[in-house]
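Enquirer: These are the residues of each chain, in order.
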Amino acid sequence: MPEQLTLYSHKLSPYSHRIELALAEANVKYKNYQVDLFNKPKWFAAKINPLGKVPTITYGGPDVDPEDPSPLSFKLAESSVILQFVAELYPESGLLPKDPVEHAKVLFFMDTVDRHFDSPGNEWMGGRTESYEGYLKGVEMIQGLLSEGSEFAVGDCYTIADACIAPLLSRFKITYETDIGGFPVGQGHKLGEELKAPKFAKFMDYTQGMLERPSLRDSNDEAYLAEMWKKLITERRQ
Amino acid sequence: MAPEQITLYTAKICPYAQRTEIALAEVGATFKRYEIDLANKPEWYAPKVNPASKVPAIAYGGPDVAPEDASPDSIKLAESLILVEFIADLYPSSNILPADPVLRAKARFFIEIVSSKFTSNWMKFASGNPEVTHTTLLNGVDAIQDILPDGAKYAIGDQYSIADIAFTPFWARFMLVLQKGIGSYKDEERKNFLKAIEDPKFTKFNGYVQRLLERQSFKSTFHEDIVEAVFRRRFGVPK
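Quick mapping for you: the protein sequence lines, in order, are chains A and B.
Start counting the first sequence at 1; every next residue gets the next number (the UniProt record's numbering).
Start counting the second sequence at 1; every next residue gets the next number (the UniProt record's numbering).
Mixed in with the good hints there might be a few duds.
As the list claims (entries may be wrong) - Result set (DSSO-like, lysine-lysine): computed pairs, CA atoms no more than 30 Å apart in a straight line:
no., chain 1, residue 1, chain 2, residue 2
1, A, K75, B, K201
2, B, K48, B, K76
3, A, K202, B, K54
4, B, K117, A, K11
5, B, K76, B, K32
Think of the hints as simulated: they come from the structure by calculation, not from any bench.
Since this is a predicted model, take the numbers as computed values, not measurements.
Using the sequences plus the hints, can you model the full thing?
Expert: Dropping the structure here:
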């Protein structure tokens with residue numbers, strides 16, 4: 001009888017979205033609890049994560065209501081650590097290759113996503129950089145790592161490398177389509193146009209493939225994200 | 001099944017590289033060690049081994065060649081924490097990464113805390129960055145002590161693991177600069193830290209780091225004289 005698994009998440013967070021994707025791809029039964037990040041319940045920091053962040057999971061312990069967590073369950077935070085944990089709990093899922101070299105490639109892809117893709121991408125989206133150049137360099141690095149055939153990031157099946165980047169791919173797509181962000185007006189659309197160039201075809205094919213997977217399609221709420229971003233972004237870079 | 005050839009590109013000064021050396025020593029691997037002069041990198045290093053031009057890096061498999069002549073047939077891997085996991089994977093019976101997923105997760109979470117609260121801060125402190133004071137580092141110590149298990153020898157229990165490997169080289173270098181009085185910080189800061197860390201509330205942490213520094217795999221891969229000499233040149237002495 002598998003142990004209980006509860007994910008504390010929020011629709012705005014690409015990091016909790018990573019875990020939703022991995023769990024969906026591995027076909028795992030779990031409870032998904034949306035934490036109201038704008039009005040955090042006191043028990044969340046007290047009983048789940050002292051830093052009050054999502055994603056956090058609880059594993060094991062008695063099967064309780066997510067709002068009444070048990071001290072007996074194992075609590076785990078940090079999306080990349082949670083992704084590896086899920087992959088190792090469900091080794092038949094293929095989320096992590098058994099071969100040491102392929103395993104290292106998955107970890108390297110994830111590290112590249114965080115360092116060279118998410119980080120500059122976030123800076124640009126938040127209006128903290130002049131241009132999206134850093135993000136485009138990241139796109140090229142990711143593209144250089146994609147396996148042949150560009151269906152998956154590493155090898156020939158869905159791994160936590162894909163789960164790691166897919167939520168970001170979806171959010172960046174919304175950004176270039178809607179132009180919503182802290183960057184100067186029009187820069188979002190401009191980036192979208194640049195990415196149509198043949199030199200980014202492999203990356204765009206991979207992106208399209210990820211977006212079409214049921215795991216992402218079913219957990220994605222583009223309208224909600226666009227609406228929330230419009231509300232949250234109060235200033236734009238000139 | 002014996003793994004294939006392993007060539008490690010490393011540098012004695014570098015704490016990231018020392019992580020991989022400790023891991024290789026713990027698992028008892030046979031490997032070729034090649035020292036990269038970080039101040040004067042060979043021009044073949046970036047194109048043939050690591051495009052990011054950093055250490056550590058590993059060339060795995062392929063023909064048995066001289067390190068300076070890395071073969072395109074070997075797999076090139078980089079990033080110290082990834083290399084430590086890779087080494088643990090190649091030698092699963094060494095147990096530096098336990099089989100239990102919960103313990104593995106605890107090890108990786110410990111590493112995240114070390115990374116966010118300590119590894120970048122100690123270097124900023126030594127270079128005299130005014131944003132980082134002795135308090136910043138004490139907060140890092142606190143965060144780490146908070147997740148150390150009670151009554152256990154190491155980060156995730158009595159078994160030495162990748163969590164300990166990740167932290168030791170950084171703690172050792174930090175202690176070296178403080179004890180030898182090397183660095184561009186104000187000397188007050190150094191004294192404040194050394195005094196504060198003696199408080200009984202840090203007993204658990206102090207016991208832990210002492211065990212880390214006593215570990216044979218750390219001692220055999222730490223070249224204190226070289227590290228001290230380089231740091232003196234790089235950081236100078238306190239004001």
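Enquirer: Taken at face value, is the distance from the CA of K76(B) to the CA of K48(B) at most 30 Å?
Expert: holds, 9 Å
Enquirer: For the pair supplied as a hint, K202(A) and K54(B), is the alpha-carbon distance within the 30 Å limit?
Expert: holds, 28 Å
Enquirer: Between K76(B) and K32(B), is the straight-line Cα distance small enough, at 30 Å or below?
Expert: holds, 14 Å
Enquirer: So if I understand the rule, the pair passes when the alpha-carbon distance is 30 Å or less; does K117(B) with K11(A) pass?
Expert: Holds, at roughly 28 Å.
Enquirer: Does the structure keep K75(A) and K201(B) at a Cα separation of 30 Å or less?
Expert: holds, 25 Å
Figure legend: structure checked against the earlier numbered hints; every hint is met.
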